Amino acid sequence: KLLEIGPNPSSPKALGDLLMRWISDLEPAYTRYASTLQLDFDSYAPVQSNPKLPPILASLSWPGTLPGPEGDEAATVTLDHLFQLPIYRIHYYKKLYAKLLRSTQEGRSDHALLVSANEKLARLEQLAAESRARSVLSPEEREEMQRRHGDLVRERDRQENEARERRQAERPRVGPPRLDLSLAQEAVAIGQGEQSSGESARIDSPSTSSSLRSSSATGTSTANTSAAAHSSPGKEPPLRVEELERRLNTERALDIFT
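Every letter in the sequence shown is one number past the one before it in this note's numbering, and letter 202, counting from 1, is 271.
If you're looking for bench data, these hints aren't it; they were derived computationally from the structure. Heads up, some of the hints might be wrong.
[Claimed, not checked] In silico SDA-like cross-links for lysine to any residue, where the CA-CA straight-line distance does not exceed 25 Å:
| hint | residue 1 | residue 2 |
| --- | --- | --- |
| 1 | K121 | Q153 |
| 2 | K163 | P76 |
| 3 | K164 | A127 |
| 4 | K164 | Q174 |
| 5 | K189 | A202 |
| 6 | K163 | N187 |
| 7 | K189 | A103 |
| 8 | K189 | K121 |
| 9 | K168 | A181 |
| 10 | K168 | L108 |
| 11 | K82 | K189 |
| 12 | K189 | L206 |
| 13 | K168 | A114 |
| 14 | K164 | L135 |
| 15 | K189 | L151 |
| 16 | K82 | L151 |
| 17 | K168 | L196 |
[Stated by the list, open to error] Label-pair distances were calculated between CB atoms; the ranges are:
| hint | residue 1 | residue 2 | range |
| --- | --- | --- | --- |
| 18 | G133 | R233 | 25 to 33 Å |
| 19 | E209 | P97 | 33 to 41 Å |
| 20 | E224 | G176 | 22 to 30 Å |
| 21 | E188 | L122 | 50 to 58 Å |
| 22 | N77 | S104 | 35 to 43 Å |
Computed from a prediction, not measured in an experiment: that's the story for all the values here. Beta carbons: idealized from backbone N, C-alpha and C, even for Gly.
With the hints as extra help, turn the sequences into a complete structure.
This is the structure we're talking about:
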């Protein structure tokens, strides 16, 4: 029918009518598939005893257009993953017909067809979900398989936690920032420059004179501190930023740049 319509149909009506009734052709085949699907073939003894199968599966790559299988971040190809590929197509058709239904006005003939198609696809999704509980293994074999899988997951998590702890232990510790003594020397020079500027200007304002005296005292105190730090560099640690900020009274200092 698609070959009859061609790649460039003159009217979208023929393509739309075909799409509306396509679900009638899909439903029987996908119903048989969803009703008979079983899993756990990768743990089935006849499959595991086949030495030719692992190289074939290893040569396959998971389709990039599909999300990774649940619980498998690496998206490796297994028999169970291959057998579940039609389920992805059912999900795709469900999204497609749901989008068509939202864009169709209620009451039209194609709206009724789309409602019926969405109901059929919802039933197929339900059958596919139920098929995940069916297994080719006996209940005892499946319980043992799940136990081994749980042990592998816990062992993998333990190894990842140990590797993370080793990386954190080997990471160098970052100590508190240290202040270079050259900053203290620059502060002393600024304080001395403010003192000389205040003496030469001979400003008569009480507030300005008080500010200059405070700046001079601050510079002298900083100079004493810097001299003490230089006199015994091996006995006292470098001046910290917090100590310099506490000793320098910036509110009562004169801004030499203005």
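Cross-check of the supplied hints:
no. : hint                       : in the structure
1   : K121 with Q153             : 22 Å, holds
2   : K163 with P76              : 24 Å, holds
3   : K164 with A127             : 31 Å, violated
4   : K164 with Q174             : 18 Å, holds
5   : K189 with A202             : 21 Å, holds
6   : K163 with N187             : 7 Å, holds
7   : K189 with A103             : 13 Å, holds
8   : K189 with K121             : 39 Å, violated
9   : K168 with A181             : 14 Å, holds
10  : K168 with L108             : 31 Å, violated
11  : K82 with K189              : 23 Å, holds
12  : K189 with L206             : 30 Å, violated
13  : K168 with A114             : 44 Å, violated
14  : K164 with L135             : 14 Å, holds
15  : K189 with L151             : 24 Å, holds
16  : K82 with L151              : 36 Å, violated
17  : K168 with L196             : 22 Å, holds
18  : G133 with R233: 25 to 33 Å : 30 Å, holds
19  : E209 with P97: 33 to 41 Å  : 35 Å, holds
20  : E224 with G176: 22 to 30 Å : 60 Å, violated
21  : E188 with L122: 50 to 58 Å : 39 Å, violated
22  : N77 with S104: 35 to 43 Å  : 39 Å, holds
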